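Student: The chain contents come next:
There are 2 protein chains.
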Amino acid sequence: MFDFVKIVSFAELFYINISRKFCAKLTSMGKKLTKRAEDYSKWYNELVVKADLAENSGVRGCMVIKPYGYAIWEKIQAQLDKMFKETGHENAYFPLFIPKSYLSKEASHVEGFAKECAVVTHYRLKNAEDGSGIIVDPEAKLEEELIVRPTSETIIWDTYRRWIQSYRDLPLLINQWANVVRWEMRTRLFLRTAEFLWQEGHTAHATEKEAVEEAVQMMNVYAEFAEEYMGVPVIKGTKTASERFAGALDTYCIEALMQDGKALQAGTSHFLGQNFAKAFDVKFANKEGKQEYVWATSWGVSTRLMGALIMTHSDDNGLVLPPKLAPIQVVIVPIYKGEEQLDAISERVAPLVKELRLKGISVKYDNRDTHKPGFKFNEYELKGVPVRLAIGQRDMDNNTYEVARRDTFEKETVSADSIIEKIEFLMDDMQKSIYNKALEHRESHITEVNSYEEFKEVLENKGGFISAHWDGSAETEELVKEETKATIRCIPIDAKEEVGVCMVTGKPSAKRVLFAKAY
Amino acid sequence: MFDFVKIVSFAELFYINISRKFCAKLTSMGKKLTKRAEDYSKWYNELVVKADLAENSGVRGCMVIKPYGYAIWEKIQAQLDKMFKETGHENAYFPLFIPKSYLSKEASHVEGFAKECAVVTHYRLKNAEDGSGIIVDPEAKLEEELIVRPTSETIIWDTYRRWIQSYRDLPLLINQWANVVRWEMRTRLFLRTAEFLWQEGHTAHATEKEAVEEAVQMMNVYAEFAEEYMGVPVIKGTKTASERFAGALDTYCIEALMQDGKALQAGTSHFLGQNFAKAFDVKFANKEGKQEYVWATSWGVSTRLMGALIMTHSDDNGLVLPPKLAPIQVVIVPIYKGEEQLDAISERVAPLVKELRLKGISVKYDNRDTHKPGFKFNEYELKGVPVRLAIGQRDMDNNTYEVARRDTFEKETVSADSIIEKIEFLMDDMQKSIYNKALEHRESHITEVNSYEEFKEVLENKGGFISAHWDGSAETEELVKEETKATIRCIPIDAKEEVGVCMVTGKPSAKRVLFAKAY
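Here the protein sequences line up with chains V and W, keeping their order. Quick note, in our numbering, the first sequence goes up one by one and the last residue is 519. Quick note, in our numbering, the second sequence goes up one by one and the last residue is 1038.
Just so you know, these hints were derived from the structure itself, not from any lab. Keep in mind it's a predicted model, so treat the numbers as computed, not measured. Heads up, a few of these hints could be off.
[As the list claims (entries may be wrong)] Computed beta-carbon distance windows for the label pairs:
#	chain 1	residue 1	chain 2	residue 2	range
1	V	K337	W	S881	38 to 48 Å
2	W	R876	V	D369	19 to 29 Å
3	W	D947	V	E355	26 to 36 Å
4	V	S362	W	R876	42 to 52 Å
5	W	D947	V	I135	56 to 66 Å
6	V	L342	W	E605	17 to 27 Å
7	W	F944	V	G289	43 to 53 Å
8	W	A597	V	K209	32 to 42 Å
9	W	K634	V	K287	48 to 58 Å
10	W	R876	V	E355	19 to 29 Å
11	W	R705	V	G289	41 to 51 Å
Built from N, CA and C at the ideal position, the CB exists for glycine as well.
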């Protein structure tokens, strides 16, 4: 690997004509990332900004998603959208605003969201009469306050009342891509922001069984996406009552493990029973003509997935991206002195670029003459481009490319005749390889414990998921949370029946649950 | 054509087991659309709802975009997004909220938007102490109010200050797909809603020339999209000073003409000069190392395009959609008695469906046994499906399909051997044909007038665009608007130099401008 600090050197500064501001920028880019082992949290924050994924905005808790970060999100969206449509869902769009009275209709729902709502109270600004500037016009007060949606169950079920009359209108399988706002006090880029982007599915069914099947299906869709596209292994499970979505009878989830041993909830799918149908009076005539309340689910993943993606694979040199979600899959860097040599290289590279694109592989040929190869190598390492090709005079003479893969830093010289096959192999191999690495890490960080002492010891010294017996009470769950900050991440779907006793109270327990500290 | 009212008859009601509510629904669907000639405005409102495009929500001025309407919007988005990327733009995402002080930084901008802003003042709800329900928590008042973005120039240029230091950072070519809110007092589905979906491009350039070229380029992209995909002919032009975007030095626009003779502004592209760079202090070091303010453009189209699409082509039977944007391009309706016959038809149809899909043509085989063919025919006519195939016993015997095209209602019997070619021909022919029809209507509704008398006469009796000389003053423009409700839609890009005198004041004028009443 190149030493970044050395390359952004006086020669580089001399080479390009720079302003003071630009100097400052180079220096900030030039500084190496904090190492994960030193300060994982700082490493994450720096990486998100330096890799041009996102940054904080002038608005408290709201982020700007930068083009490179947004390009990854677009790939996530495109694939999820395809999977939703393949499972019969259609997209629609519902209002951003929710009248306060709607939110209040489902008791536990308002309880869950009232504490973090952005509230619109006025609809006009005006010039202050004393000339002090622009103020809210007190005469333009709304009769009823509007909440900026924290989630859309209420406005959607108010709509479904108009759409559902008969069993023939069911199931109703709808998804929405939208922004939502939850006024979080402590925010972190992608992981917890006041505004975030997400999708929210809202489905309506004639029977309880069908609704439960839908909720389970969507948990499985999320798990498949996380593992096959993000390369992030996840554990499927259900939440305990106290960790459920506000208004749900059951919350299914996928839980991932980050490199620092903390868990991250990557997606949830809720069986809502008839709670929202009752709150919004949504009934249907069944085949016998009898009126029944409709059964509901909702499910969502958000830009939080970006946080999971970054934290699962990346290293001290920067991002590591799964090829399936990388905006640039292959970068080609020419190594040259003078325009003539560059022209010759460009001519050699052009048909390769064309052929890769025809195969649907996104490729960037970086022939900028404002930056040296070493600078470029570091930039693409930081940005997690899976495959880097370099081509200089020796490669021109030998009809080769130098090929480097981002995940392992392995480099080899490959004949131009087999370069396409090599790249296709690497796309596939890296996708599997980073998944397996993450899976290995996860598997080696699930620890079974049988006493609360052991639990605390493992939590402090090793982290990860801790598999333990629990008596099923909210009190015990709360006690563990207060004393150790660990929560029950989920009751795994595939948990075996196993006679045991709660590690805290000694009361009987029929299966183990997974505890962890979490994002 | 089938008579809808006759088909949704007692037999139909008998055939299916229905609840009272469902009955009401059938009846409402069964009622014929108001005719355009009777009440164009009512026709439009009914059509949007009956064709399942959108409906009003419980939130004042905010619409619900229903799955069928949203599917059209997705096709619009996908094509525009492709065209933006082909012209070098990247997507990003900026905050929903804009601090009040940001909006105030550009004087004419705040002037333009202050009167219609949704303002967030609080960030929490709580239970009222007197038990009267959920109220806004007065203790959770924001220090500075946040505006729900009506457009994002201010928050974006606040960000660009951090992103732009050197000429090397330019041009910055960014687009955002987002929701925006403008508190309109009188709203209409798609045409004018408090919340709407749009894209907004925001670009930064080193020179005035480059920024102007960008603004013009995007007007051309919009025009190409409108004509080639929506089948909507547009006139390209610039806005007069009083019709410009708040903060722009020049606004380029595309103007379309609806069937009722009113104009509709379908897209705008603004040259913003250095206004926002100065308001947010965004400078760059040029190649000589000197600090200069950045030049800007912004450009947008919104869900309003849906209104233009609907009003340009549709007829008294329902929607007419251009094949390129139709969610369902071909529908196949089996005509059968009994399951055995249906099975035989389904078997015949299956390979056709498969082959059409392989060719990228979206096709629906509607074998629902809850509805009769006539009901289905009417439904797909209402929803504007371009091509309808019907297949009954006679077609089975003769190896044919009955093919009907939506725009002209022409029907013919086509051999199954050439059905694919026929469909491909129709996709292409209908796309051209509806454009030509709209163009003919538009061309026959551009009237040159030379006196104010004539102007008023044409405006009242014929409508459409009126091409007239104008003295270039805001006063005359305002007078015409007050007296006739017509505005200057644009100064056409291709307007010829022509010596003339203003139709109102008699003062000299060098070119004609286009007046019209507008949506």
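Student: For every hint, state whether the structure bears it out.
Tutor: Each hint tested on the structure:
| no. | hint | result |
| --- | --- | --- |
| 1 | K337(V) with S881(W): 38 to 48 Å | violated (54 Å) |
| 2 | R876(W) with D369(V): 19 to 29 Å | violated (47 Å) |
| 3 | D947(W) with E355(V): 26 to 36 Å | holds (31 Å) |
| 4 | S362(V) with R876(W): 42 to 52 Å | violated (26 Å) |
| 5 | D947(W) with I135(V): 56 to 66 Å | holds (57 Å) |
| 6 | L342(V) with E605(W): 17 to 27 Å | holds (26 Å) |
| 7 | F944(W) with G289(V): 43 to 53 Å | holds (47 Å) |
| 8 | A597(W) with K209(V): 32 to 42 Å | holds (36 Å) |
| 9 | K634(W) with K287(V): 48 to 58 Å | holds (53 Å) |
| 10 | R876(W) with E355(V): 19 to 29 Å | holds (28 Å) |
| 11 | R705(W) with G289(V): 41 to 51 Å | holds (42 Å) |
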